[in-house]
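Full structure from sequences and hints, please.
Its first residue numbered 3, the sequence shown is counted upward by one per residue in our numbering.
Just so you know, these hints were derived from the structure itself, not from any lab.
Some clues are possibly wrong.
The calculated BS3-like cross-link candidates involving lysine-lysine, where the alpha carbons are at most 27 Å apart (straight line), are [to be verified]: (1) K72 - K139; (2) K69 - K171; (3) K72 - K91; (4) K72 - K140; (5) K125 - K140.
Small disclaimer: the values here were computed from a predicted structure and weren't measured.
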Amino acid sequence: MHKHTMQILHIFTLFVGIQILSFHAFAKEAVMGESTKQGIMVHNPKGAIGNNFKESGASTAIVIDNKIVKISGQGGWDRDFNFPHKELKDEINQAFENVGFVLESAGSSWNEVYSVTIYLTGKITDEINELIASQFKKRCQIPPLWTMVQVAGLGLPQMRVEVVVEAYKGARK
3 MHKHTMQILH IFTLFVGIQI LSFHAFAKEA VMGESTKQGI MVHNPKGAIG
53 NNFKESGAST AIVIDNKIVK ISGQGGWDRD FNFPHKELKD EINQAFENVG
103 FVLESAGSSW NEVYSVTIYL TGKITDEINE LIASQFKKRC QIPPLWTMVQ
153 VAGLGLPQMR VEVVVEAYKG ARK
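Put into structure tokens, the structure is as follows:
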């Protein structure tokens with residue numbers, strides 16, 4: 003296997019040993035590709051991070067039949083793709099902000115989210131559960147499906163949280 007491909011495959015390894023390709027993107031302008039015959043629109047941002055997606059063949063988000071938005075996991079990085087947060091709660095809040103940014107740039111919003119999966123490297127506590135629940139109450143009109151998994155590591159060594167969502171597009175505004 004090509005060295006670059008091996009590095010990409012090792013980016014995101016869950017505790018169960020399943021290797022998953024997951025990339026993260028952040029930019030003000032999004033690039034929407036042409037829809038495939040299957041009705042899937044690829045959504046990648048412009049800029050250096052978006053170029054990483056393009057080179058790897060991954061997407062920040064995809065829009066299916068102009069109805070469903072699925073986004074790659076978003077972490078607690080800032081607009082410069084740095085991890086400035088020392089507190090886990092701040093990193094979680096930033097990850098939720100990043101999800102909102104990607105959803106909006108793909109034509110959706112937190113109000114249209116129906117499923118959320120959260121990966122955490124630390125212990126899942128009552129405090130973490132309450133923080134996540136407060137995010138849903140603040141952002142979502144309808145409570146989404148929610149799965150949270152404790153993992154040994156995420157896509158980047160400094161990541162402690164990753165949020166993956168699925169949403170409708172244009173259903174509720």
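Now for the hints, and whether the structure bears them out:
1. K72 - K139: Distance ~21 Å between K72 and K139 Cα, so the pair holds.
2. K69 - K171: At roughly 5 Å apart (the allowed maximum being 27 Å), K171 and K69 satisfy the hint.
3. K72 - K91: holds, 24 Å
4. K72 - K140: This hinted pair holds, its Cα atoms lying about 21 Å apart.
5. K125 - K140: holds, 24 Å
Taken one by one, the earlier hints all hold for this structure without exception.
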